[in-house]
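Participant: From first to last, the protein sequence lines stand for chains A and B. Counting in numbering that gives the first Met the number 0, the first sequence runs from 0 upward without gaps. Counting in numbering that gives the first Met the number 0, the second sequence runs from 0 upward without gaps.
Derived by calculation from the structure, the hints in this document are not laboratory data. One or more of the hints may lead you astray.
No copy labels: a pair is met if it fits in one copy or bridges any two.
Within a straight-line C-alpha distance of at most 20 Å, the following computed DMTMM-like cross-link-like pairs (lysine to aspartate or glutamate) qualify [as the list claims (entries may be wrong)]: (1) K363 <-> E438; (2) K450 <-> D398; (3) K369 <-> E442.
Protein chains: 2
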Amino acid sequence: MYLIEQKRKIPLCIQLYEELKKDIIQNYNVGEKIPSIRKIASIYNLSKNTVEKAFSQLVIEGYIDSYPKSGYVVTETNYQDFNNNQKIEVEKNDIQEEILYDFFTARLAQNSFPLKLWKRLFAKVINESLDFGKYQDGQGELGLREQICKYLIKSRGVNCHANQIIICNGFADSMGLIANLLKDSYKNLAIEFPGYHIARSVFNSHNYSITNISVGKTGINLEELNQSKSRLVYITPSHQYPTGVTIPISKRIKLLEWAKKVDGFIIEDDYDSELSYTNRPIPSLQGLDKHGKIIYAGTFSKSLSPAIRVSYLVLPAVLLNKYKKSYEYRTSKVCLTTQKVLEKFIEGGYWDKHLRKIRTSNKKKHNIMKNLLIEKIGKTLKIERQGSGLAILINPTVDFDWDKLEALSKKNKMKLYYAKERSGGKWQALMMGFGGFNEEKIEEAIIVFSKIWNKCII
Amino acid sequence: MYLIEQKRKIPLCIQLYEELKKDIIQNYNVGEKIPSIRKIASIYNLSKNTVEKAFSQLVIEGYIDSYPKSGYVVTETNYQDFNNNQKIEVEKNDIQEEILYDFFTARLAQNSFPLKLWKRLFAKVINESLDFGKYQDGQGELGLREQICKYLIKSRGVNCHANQIIICNGFADSMGLIANLLKDSYKNLAIEFPGYHIARSVFNSHNYSITNISVGKTGINLEELNQSKSRLVYITPSHQYPTGVTIPISKRIKLLEWAKKVDGFIIEDDYDSELSYTNRPIPSLQGLDKHGKIIYAGTFSKSLSPAIRVSYLVLPAVLLNKYKKSYEYRTSKVCLTTQKVLEKFIEGGYWDKHLRKIRTSNKKKHNIMKNLLIEKIGKTLKIERQGSGLAILINPTVDFDWDKLEALSKKNKMKLYYAKERSGGKWQALMMGFGGFNEEKIEEAIIVFSKIWNKCII
Chain A
0 MYLIEQKRKI
10 PLCIQLYEEL
20 KKDIIQNYNV
30 GEKIPSIRKI
40 ASIYNLSKNT
50 VEKAFSQLVI
60 EGYIDSYPKS
70 GYVVTETNYQ
80 DFNNNQKIEV
90 EKNDIQEEIL
100 YDFFTARLAQ
110 NSFPLKLWKR
120 LFAKVINESL
130 DFGKYQDGQG
140 ELGLREQICK
150 YLIKSRGVNC
160 HANQIIICNG
170 FADSMGLIAN
180 LLKDSYKNLA
190 IEFPGYHIAR
200 SVFNSHNYSI
210 TNISVGKTGI
220 NLEELNQSKS
230 RLVYITPSHQ
240 YPTGVTIPIS
250 KRIKLLEWAK
260 KVDGFIIEDD
270 YDSELSYTNR
280 PIPSLQGLDK
290 HGKIIYAGTF
300 SKSLSPAIRV
310 SYLVLPAVLL
320 NKYKKSYEYR
330 TSKVCLTTQK
340 VLEKFIEGGY
350 WDKHLRKIRT
360 SNKKKHNIMK
370 NLLIEKIGKT
380 LKIERQGSGL
390 AILINPTVDF
400 DWDKLEALSK
410 KNKMKLYYAK
420 ERSGGKWQAL
430 MMGFGGFNEE
440 KIEEAIIVFS
450 KIWNKCII
Chain B
0 MYLIEQKRKI
10 PLCIQLYEEL
20 KKDIIQNYNV
30 GEKIPSIRKI
40 ASIYNLSKNT
50 VEKAFSQLVI
60 EGYIDSYPKS
70 GYVVTETNYQ
80 DFNNNQKIEV
90 EKNDIQEEIL
100 YDFFTARLAQ
110 NSFPLKLWKR
120 LFAKVINESL
130 DFGKYQDGQG
140 ELGLREQICK
150 YLIKSRGVNC
160 HANQIIICNG
170 FADSMGLIAN
180 LLKDSYKNLA
190 IEFPGYHIAR
200 SVFNSHNYSI
210 TNISVGKTGI
220 NLEELNQSKS
230 RLVYITPSHQ
240 YPTGVTIPIS
250 KRIKLLEWAK
260 KVDGFIIEDD
270 YDSELSYTNR
280 PIPSLQGLDK
290 HGKIIYAGTF
300 SKSLSPAIRV
310 SYLVLPAVLL
320 NKYKKSYEYR
330 TSKVCLTTQK
340 VLEKFIEGGY
350 WDKHLRKIRT
360 SNKKKHNIMK
370 NLLIEKIGKT
380 LKIERQGSGL
390 AILINPTVDF
400 DWDKLEALSK
410 KNKMKLYYAK
420 ERSGGKWQAL
430 MMGFGGFNEE
440 KIEEAIIVFS
450 KIWNKCII
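Let's have the full structure, built from the sequences with the hints guiding it.
Facilitator: Here it is as structure tokens:
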């Protein structure tokens, strides 16, 4: 007897379908006939139409089939466990260790994001003209590209046109696009060593071989680059990651000559130039290029928010045409509303204001941390890099127990970041990020840190 | 003589820096001394500090350097063209051909997106608790994963836990993640033929070899799959792309047995099951799986919007653990606010309502198109697939000039989509998408279409 209740919220045909399915699985063998539509309709006082719907669903799912003259016959019963909520053996999310002091170098302060303004702009841009029904332009919305273009020309000395800009979903997505675009002609990537670990891993996962090129006081070693067979190089010319050195103009020109000579490309990662607060930002390498040899990469993750997922590329004309041909199926990976809000944000002058604000705030935090470090443990440390970005890099000038540092920091719920781990090289330094702290918290963190530091001096 | 004006808005040190740079490039040779800081400060009536800033910028950029006892010496002058707005030779955006009738199958109607509600929910979720300063959980926000999980259990018969869900940036991103995760152990992907071209191209670009498996009336051919050496297969079991067939329960069980036997995985792409409007959605294959052999993939692109960039994966436990180990550097690719709004959207019951609404609307449009096709050209066409999704697939039953169809449709500003081109196979059909039209427009489009159709009959 099937349980079919008129009063239940579930449509009658679905109730019947569920009951029939249960019945077939439990009580029928393959090849057996089930009662006819007419019979079931009459027993349960249902319309023929209702019963037909239930039968049709069972036919589609493959439990029964209709044969001329013999009616509906069971075709499968070997199905027992569906929908009975078996237990799934999945580890619960690992309980995150509580961290009191996180010196992460790419962490922005929670209160630095212009929340209210973003909300206001969102309410403004979301209107009937936005088409959420379609896949968006793979290059990104033209309006946003125009705003980024203006900014790059004015503030970064980039020589570009909005048509050359591709909006991407963060740095790894930008690099993935380049890796894909070039993989037919380039098999190897030369990379600064030490250098940014994520650039390395993206190209690695696209099956490029990687050639390490050492970094000196003026950045990447040109001789090594020349000797390598690579025709593609990734660099951070304005502010090398992680050492912070700047490539001087003379070497910049030589790099451009190298790219022309080998018919190659230089990927210029300009990840945090706008954050420089002691010097004026160094004009981009791209602005010097006359032969379309620079692929310029920028991001909003380091200066606005990594949670909005927006980065961008400026492709030279020859690659742009290749992109247009090979990426026909590519659709934008950046949320439409985010693109629209960001466009209005730059257009309204808020981006410039925001940059000024966070430069001032970063400079202040930087100085607080620097002064505290010098005051507390200045006699035993050397500052390797300072004055820009979101971190001060330090090393001990005395014999030092790095393992003990790691153990003690963990014990004190402090998370430290090591240049070696994050740049693939041998070069070691502690990367003391201050972006995530507010000013008061820096003092607290450095006091705890310096006590740990002193215990690690051998 | 340098042009330094107190009245200009540009800081004095930057004015001086620009003037000095120009002077060095135009008038100095490498090795020549430039005037001292003190001298310049006195000539232009500037503070020593201002001049020092300008010098320091020139040192960082590599134009000058200081030597003990000899002062500042020019190190590079070979730099002429920066920032003078050279012309960039980039093609303007290709002028998009105007299209009057676009039968694209993955196009949603512009007015189907719940714009006002989205705006309201956005205003609600954006508040101080959101942290835009950090990289978000690579798996996606837990709250959204919980909502998707509930939906999948209830409406798709998926057997899962929120911990197994990964929020991705659309279908290609989902597939890219799987391709990356499995590439060490799996080198080949078996795929339905004809089958979804994007699944094919993503695995292709991750260097998988592809084995085509033919599709019959009950979906993928099991014998061919058995004979292939592949241990990984991509299928659309509930609603095969593009033929629309459903894999019956008996074959589903055999597929699961196959996956267990070969120690493989089945990627179940459940791309548009929720859109079925003649039958109840077919319960997922994943719900039958007892051995963790199904990787379940879903998306919001086909039913809500492709412009919000949200898809998801349900990983079996063994892959989840692999994911957690190998994707340490992975950060979420979906905009934080979108995740939050979508969470509230599902939680508030709006997602269920939305699905009901668009199912009704799609059914209506489907019927209008179907009836018009039958009325106008029913004698010369066969309907290959109907009753779900956003398209009716048709073929001529008479001799037909396909080339002429292509030419005439283009002339009439009509965009048609061919199954062959979009599924890599030999199987041909016209994919008559109705999602992007409103109801009135369908009639207009089909009238024009049927005139063209009739001209192509040989």
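Participant: Does each hint hold? Answer for all of them.
Facilitator: Hints versus structure:
1. Within a single copy, K363 and E438 get their C-alpha atoms as close as 8 Å, which meets the 20 Å cut-off; across copies the closest is 61 Å, which misses it.
2. For the identical chains of this complex, K450 and D398 are intra-copy neighbours only, at 16 Å inside a copy versus 87 Å across copies, given an alpha-carbon limit of 20 Å.
3. Proximity of K369 to E442 under the C-alpha cut-off of 20 Å is restricted to the intra-copy arrangement: shortest distance 10 Å within a copy versus 72 Å between copies.
Of the numbered hints stated above, none is contradicted by the structure.
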